[in-house]
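Assemble the whole structure, with the sequences as input and the hints as a guide.
Now for the letters of each chain:
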Amino acid sequence: MAEAVKCRDDVFLHAEKITKIYPGTKALDEVSFDLLKGKVNVLIGENGAGKSTLMKMIAGIEQPSSGEMYIGDREVHFKDTTEARNNGIGIIHQDLSLFPNMNVYQNIYMNKEKTGGKVILNDKQHIEGAKNILERLEHPMDVNTRVGALRVGQQQMIEIARNLVDDDLKVLIMDEPTSSLSEQEVKILFKIMRELTSKGLSIVYISHRLEEIMEIGDHVTILRDGKYVADADVKDISVPWIVERMTGGEKNYPRRNRTVDWDKAETVMEVRDLCLPKPGGGYLVNHVSFELKKGEVLGIYGLLGAGRSEIFECIMGLRPEHTGEIILNGQNIEVKNISKQIDNGFALIPEDRQAMGLVQTLDIEKNTSLSALKKYVKGIFVDSKKEGEMVDREIKDIHIKVADKKLPILSLSGGNQQKVVIGKGILTEPKILLMDEPSRGIDIGAKTEVFEIINKYAEEGLSIIVISSELEEIVAIADRVMVLSNGIKTGEFKGEEVQKDTLVLASYQGHHNEDKEN
Amino acid sequence: MEKKSSSNNKLIMTLLNGRTFIVLVILMIYFSFAANNFMTVSSLLSVAKHVALYGILAIGMTYVIITGGIDLSVGSVAGLAGMLAGGFIQEGFTIKAAGVTVYFSVPMVVFITILLGALMGALNGIIITKFNVAPFIATLGTMYIWRGFANIRSNGATYSSIAGYEGLGNTGFEFFGTSIAGTPIPCGVVILVVIAVCAGVVLKKTPFGWHVLAIGGNERAAVLSGIKADKVKIWVYAFSGFCSAVVGIIATSQLMSGSPKTGESWEMNAIAASVLGGTSMAGGIGNIGGTIVGAFVIGVINDGMTMCGVTEFYQKVIRGIVIILAVIIDQVQRNLQAKRALQARNENK
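Note that the protein sequences, when read in sequence, are chains D and P.
First residue of the first sequence? That's 1 in my numbering, and the numbers climb one at a time after it.
First residue of the second sequence? That's 1 in my numbering, and the numbers climb one at a time after it.
The set of hints was computed from the structure by calculation and includes no laboratory data.
Computed from a predicted structure; not experimentally measured.
It is possible that part of the hints are untrue.
To be verified - Pairwise CB distance ranges (calculated):
1. D/Gly-200 with P/Val-201: 33 to 43 Å
2. P/Asn-132 with D/Thr-502: 19 to 29 Å
3. P/Phe-21 with D/Ser-198: 30 to 40 Å
4. P/Val-133 with D/Ser-198: 50 to 60 Å
5. P/Thr-14 with D/Pro-320: 28 to 38 Å
6. D/Pro-277 with P/Leu-45: 54 to 64 Å
Unchecked claim - Dumping the calculated EDC-like pairs for lysine to aspartate or glutamate here, alpha-carbon to alpha-carbon at most 16 Å:
7. D/Lys-500 with D/Glu-244
8. P/Lys-204 with D/Glu-113
9. P/Lys-204 with D/Asp-123
10. P/Lys-228 with D/Glu-113
11. D/Lys-431 with D/Glu-459
12. P/Lys-205 with D/Asp-123
13. D/Lys-235 with D/Glu-212
14. P/Lys-205 with D/Asp-397
15. D/Lys-447 with D/Glu-351
16. D/Lys-294 with D/Asp-479
17. D/Lys-405 with D/Glu-429
18. D/Lys-278 with D/Glu-244
19. D/Lys-456 with D/Glu-497
20. D/Lys-191 with D/Asp-233
21. D/Lys-112 with D/Glu-83
22. D/Lys-199 with D/Asp-10
23. P/Lys-228 with D/Asp-80
24. D/Lys-366 with D/Asp-343
25. D/Lys-26 with D/Asp-225
26. P/Lys-228 with D/Glu-83
Claimed, not checked - A short, non-exhaustive set of chain D residues, derived as facing chain P with CB atoms under 10 Å:
27. Thr-82
28. Glu-113
29. Leu-121
30. Arg-146
31. Ala-149
32. Phe-190
Glycine included, each C-beta is placed from N, C-alpha and C at the ideal position.
Here is the structure:
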């Protein structure tokens, strides 16, 4: 039996039933994976499907909870990146892992230093080598430049160059290497990838750009929710085939059934030409316009980094550098700061409950009343009685299960903590509620309750914008869905048009327009 | 028009880069007029003697700050090192079990003291890396501990007869506090130069130096590159302890008495010198040359003001203002640099 799990001839590394458990979640569930020799192996899946996690195991950044890996007929364990590298495996990280305070050649040769007599660095050799490798990448530059001063695309090239200085490199894992490259740079990268594979090097390629995968990939493996779904040669498949397997056909929340003629409904807010520049060039939010009706639930769908949360940050006044108009009830408002925006009738339920939603050292009552505290002031003091009454009412309204509102906030379950954050927003009596991933990290029961809260307040006339990465969720909850991709609005769907497949397709489209902007 | 503004920019950058040095020159000129005996060989040598102490501490501190840490214990380690060295010479080292007292020769005393200093530093590093304690807290703790031991060693008393005894073969400790034979140059200054050159070369020219800078720039990336960040940091704190012990020996030798109070609040001078020299408290940026200039600025301000008759109270106010101004200018420079980088980027397109 043991023979069966060892590598086939055309496989460089075989991962067998890899499971990775993080506290509370199973990021990978018995995933087996063959890394084909001399090929571009593509990994694809939604956010949180486990692509990056699987690669971290292979690159030695993290260790599997269970499962084995084989190179040839030898079982391998990588306890750190050095061991993986000794086996010829290098990785280009999703988030750049460079040293902004150091120059180009220092970055390229970090921990691979060439020395004279093992003591003094041979900078001449470093400079020479760095120049050569950058020329090969068709990116000649002054190797004495500090990396922090470079464009993100150039930094990405340096990240690639760092891996190529190893002569014994056998596998190069690239986790979304093109996310910040221009079209020209992508072309060069693909050329280099072809060069490398023709020399027998294996590449693992993670990307969100489906068209790119069809162009460069040899073999595709699809993951969903930490599980293996399918794998196939690229020549045998098509984009719709991939999308179908990425989304899967399973569980659906009951769809909302509202018969409102939205064309006749009053427009509460209109956003025109919203732009948020990215430090280092380009846009995080790229000329986005949309409107919001009274009592409507507008969903915003998109991949990580598509600019979803940034839209909320602009609206709430956290990003003073944004441009564009925000028109509230027909009035063009100037977005100054968050406190002013709360007064204007906006409330934000932030994405990260622990870091941005709650003050862990305060009790449940104080957390609930925090944003609306202004309303309960008598002279210079807080009117505790009024505060208590309002909090009690809110707790009842949205069914927060608490024994005593004076208990610490962390004594509540995740779902109830989330309800406190929502309650805090609603207590400010907003006209527009912005919810960023309101159901993240809470169990299915609490999720349903959060949906009920959203429905209840929407029926009462509150306009709500919901950001979600979960397709089922957004399809179920939203009256209308706007899709963002790479900061660009790539689609808007309402009623029956809101389908999982259409949303996913739209969420990959923004990457091809960006170069026109640059 | 474009050209002019960019060459103006360049001039400003050059001035900003050399700002600490310019400040030093201005201070020297000012004090040479304000205090008429400032520009004499003897008072300059006395300034240099003080600078050697801050300077050596600041070199170790610069390494620590570059890794993104801080070492508040340097003054206490210097104090304890002085007490250990003084004690070894005056009282010897008593092994209770054997009932004998050993008197080490001066080189041996110095060696043991410095080794212990380095170990004290390494302990900081171990607490910080292995037990995940913030550097500020870890070294605040050891600052109190070593100061306590410095007092415990002599029960608060001062070792005043550390010239050694001919018969015991442990004379010669005054060497470190006096001038090199035949020259007016204080020994401390020579030690400062030697340590500064070594530390500068290691930082710029060896893999270890790269790793120190890398950890300060992006520790996670350093670890992912296979750098053993914990080990590097322990060595860096050990080096800071080493520097502190050296300073303890020089200071004790200069006064020819070991006081448990030696080095109190010197950590602040070391941090100030480091920051004045362009070391970024956020880590990743710093160089030894700048730190030495920074140490001279601190030393010249302190001694110059004393010679002008400015009281200790006002000295503190002025020192504080200088440090804050230095950091503000640092921020201005960084913003300018970022702007220039952006400009260059746009021009390249």
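For each hint, the structure was consulted:
no.	hint	verdict
1	D/Gly-200 with P/Val-201: 33 to 43 Å	holds, 42 Å
2	P/Asn-132 with D/Thr-502: 19 to 29 Å	violated, 48 Å
3	P/Phe-21 with D/Ser-198: 30 to 40 Å	violated, 55 Å
4	P/Val-133 with D/Ser-198: 50 to 60 Å	holds, 52 Å
5	P/Thr-14 with D/Pro-320: 28 to 38 Å	holds, 33 Å
6	D/Pro-277 with P/Leu-45: 54 to 64 Å	holds, 57 Å
7	D/Lys-500 with D/Glu-244	holds, 9 Å
8	P/Lys-204 with D/Glu-113	holds, 13 Å
9	P/Lys-204 with D/Asp-123	holds, 10 Å
10	P/Lys-228 with D/Glu-113	holds, 14 Å
11	D/Lys-431 with D/Glu-459	holds, 13 Å
12	P/Lys-205 with D/Asp-123	holds, 8 Å
13	D/Lys-235 with D/Glu-212	holds, 13 Å
14	P/Lys-205 with D/Asp-397	violated, 67 Å
15	D/Lys-447 with D/Glu-351	holds, 15 Å
16	D/Lys-294 with D/Asp-479	holds, 12 Å
17	D/Lys-405 with D/Glu-429	violated, 21 Å
18	D/Lys-278 with D/Glu-244	violated, 33 Å
19	D/Lys-456 with D/Glu-497	violated, 24 Å
20	D/Lys-191 with D/Asp-233	violated, 20 Å
21	D/Lys-112 with D/Glu-83	holds, 14 Å
22	D/Lys-199 with D/Asp-10	holds, 15 Å
23	P/Lys-228 with D/Asp-80	holds, 10 Å
24	D/Lys-366 with D/Asp-343	violated, 19 Å
25	D/Lys-26 with D/Asp-225	holds, 9 Å
26	P/Lys-228 with D/Glu-83	holds, 13 Å
27	Thr-82	holds, 4 Å
28	Glu-113	holds, 4 Å
29	Leu-121	holds, 5 Å
30	Arg-146	holds, 8 Å
31	Ala-149	holds, 4 Å
32	Phe-190	violated, 22 Å
The earlier numbered hints that this structure contradicts are 2, 3, 14, 17, 18, 19, 20, 24, 32.
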